[in-house]
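Listed below, chain by chain, are the residues.
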Amino acid sequence: MRGMKCPSCSGLLPTPEPRCPSCGLTLQKLDLKFGLVPRHSRFLSDRSGKLDVAQMEELREELRLFERKFPQVLFSVFVTDLPPGSSVREYGFWLANRARFSTIQKSPGDNFDLLLVIDLAGNAASLTASYGLEKYVSEEDLEDALAALAAGARAGNVPDGIRACIKFVTRRWRERSKEARRARATGTVEEMAA
Amino acid sequence: MRMRRALRHYCALGLLLCASVMPLLAQGDLPTPSPAEPLFQERPFGPLPPPTEPPARSHVLEDAERKPIPRAWLIGGVLAAAVAFLLVLWAAMRAWRSSNLFDQQYRFPRIGEAAVRLGGKKSGGHSAQITLAPRPDQAAVPNETR
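Sequence lines, in order, name chains Y and W. Just so we're aligned, residue 0 is where the first sequence starts under numbering that gives the first Met the number 0, counting upward by one. Just so we're aligned, residue 0 is where the second sequence starts under numbering that gives the first Met the number 0, counting upward by one.
By construction, these hints were calculated from the structure, which means they are not laboratory data. This one's a predicted model, so the numbers in the text were calculated from it and none came from an experiment. Some hints could be false.
[Claimed, not checked] Calculated lysine-lysine pairs in the DSSO-like style (CA-CA distance at most 27 Å, straight line):
no. : chain 1 : residue 1 : chain 2 : residue 2
1   : Y       : Lys28     : W       : Lys66
2   : Y       : Lys32     : W       : Lys120
3   : Y       : Lys49     : Y       : Lys105
4   : W       : Lys66     : Y       : Lys68
5   : Y       : Lys28     : Y       : Lys68
6   : Y       : Lys166    : Y       : Lys177
7   : Y       : Lys166    : Y       : Lys28
8   : Y       : Lys4      : Y       : Lys105
9   : Y       : Lys49     : Y       : Lys32
10  : Y       : Lys177    : Y       : Lys4
11  : Y       : Lys28     : Y       : Lys4
12  : Y       : Lys177    : Y       : Lys28
13  : Y       : Lys4      : W       : Lys120
14  : Y       : Lys32     : Y       : Lys4
15  : Y       : Lys105    : W       : Lys66
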């Protein structure tokens, strides 16, 4: 729980709160804000219509490969054009909870999914981790992955950015997985998030 | 009519006879055939020809005469081969890791029950956000931090 922040106001959440003590955010409020869950697919969804079919197929293949390396983690990418004034971080949090990228129902602690939302209209992106990854992946890891995305998409080439992000996450998550196994072997899993 | 036909027959017979006799007459002018001389004249006990000169020295030197390769070259060659081998190995490792050739899998230990936050059953909002550079197809507008 240490260091968890509200996806809306970035205020610290010292305890598991049903609503943010700073801004009052709840998932239900975001339901009212964003409405119906948009159509999505398991690995890659493009609601903006700006990616061509060949690019999408290549990216799906990379995400499938990622899933083969990390069988617990479903890395989904959602490309969209959000209405002006929307927060992509709020949207990522809402979509990660409301969408069904994975068909398997898991308990919160067993959910290791990862969602990358790219808002092309607002030129912003967010990366949301599920409960299962919280102990192993820090906010800095997520920021670094987004920095890789931004560097890859510098020339406006979003697929290259996504590819760079997948590559970065693969490398970093591999390290984190090894660290977690070592920590588990020495009985220090709880100290990992420090 | 009959006379003409008979005359024609006699002419044809005459021509045939001439044609058959002509080669016999022509043969009389040709020289009589004589046995051909042998192609190789045998000289079984004649004087031996002078011995031919030995062939010129070949450029290929004998092993003993070959100059030894300088040691620096040998070391350089071995080092170059080792570097090339390491480069190939490194490229193969990279390709193997990126394609997950042997299906290596990485897992995270299960953490147990998670503390549900903000009503989210899958994620508690552990996330990060970044502002991307505007795409070239977009009009130049001030970058709004959202």
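Please write out, lowest number first, the hints stated earlier that are contradicted by the structure.
1, 3, 4, 5, 7, 12 and 15
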